[in-house]
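K.L.:
Sequence:
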Amino acid sequence: MGAGVVKKSGGRRGSRRGRSQPMAEINVTPFVDVMLVLLIVFMVAAPMLTVGVPLELPKTAATAVPSEQEEPLTVSITPEGPLVLMTSEVAEEELISRLAAVAAERQSNKIYLRADGSIPYARVMQVMGALNAAGYNNIVLVTETGGPRMGG
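Residue numbers for the sequence shown follow the working numbering, beginning at 59 and rising by one.
Check each hint, because a few of them may be wrong.
As the list claims (entries may be wrong) - Simulated restraints on C-beta separations:
{"id": "1", "residue 1": "Phe100", "residue 2": "Pro178", "range": "51 to 61 Å"}
{"id": "2", "residue 1": "Ser146", "residue 2": "Lys168", "range": "13 to 23 Å"}
{"id": "3", "residue 1": "Thr201", "residue 2": "Leu96", "range": "38 to 48 Å"}
{"id": "4", "residue 1": "Ala104", "residue 2": "Val200", "range": "32 to 42 Å"}
{"id": "5", "residue 1": "Asn190", "residue 2": "Met144", "range": "17 to 27 Å"}
For the record, the hints were derived by calculation from the structure and aren't laboratory data.
Don't be surprised by glycine CBs; every beta carbon is placed ideally from N, CA and C.
Construct all of the structure, not just a fragment, from the sequences and the given hints.
P.N.:
So this is what it looks like as structure tokens:
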């Protein structure tokens with residue numbers, strides 16, 4: 059445990075006293091243990107230092123952003139061809155007028171677009187253009203999770 063004194067006997071045969079010499083080695087195991095504990099403490103504490111920055115945020119008269127209470131408005135493009143607004147089929151000619159009527163009574167301009175994977179890209183863009191013409195500029199494309207990643 060640390061530095062100490064080592065007794066060496068040697069030299070003459072008749073000598074009863076051994077010589078004391080300081081030990082030349084230092085046990086570094088406790089030192090390494092303490093350093094690893096300190097490293098772990100600093101690694102855990104470092105992210106907390108940036109999070110706890112005290113700020114006095116500016117005050118405003120604006121109200122808090124409300125959470126969406128409305129049912130999400132969805133348009134679906136089926137592989138057979140018809141468009142479905144929520145749960146009812148809609149002819150292409152009626153889509154813009156029906157969406158404009160719905161937009162007048164809704165607070166949010168967010169709309170969810172669901173399209174089958176086999177639908178051509180041009181068709182999806184055509185429907186997105188109609189949604190935009192009806193006043194919906196916040197279009198969310200709905201997908202499934204777990205698909206292939208880019209780059210392999």
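K.L.:
None of the hints should be skipped; say for each whether it holds.
P.N.:
These are the hints, each one checked on the structure:
| no. | hint | in the structure |
| --- | --- | --- |
| 1 | Phe100 to Pro178: 51 to 61 Å | 56 Å, holds |
| 2 | Ser146 to Lys168: 13 to 23 Å | 20 Å, holds |
| 3 | Thr201 to Leu96: 38 to 48 Å | 47 Å, holds |
| 4 | Ala104 to Val200: 32 to 42 Å | 39 Å, holds |
| 5 | Asn190 to Met144: 17 to 27 Å | 19 Å, holds |
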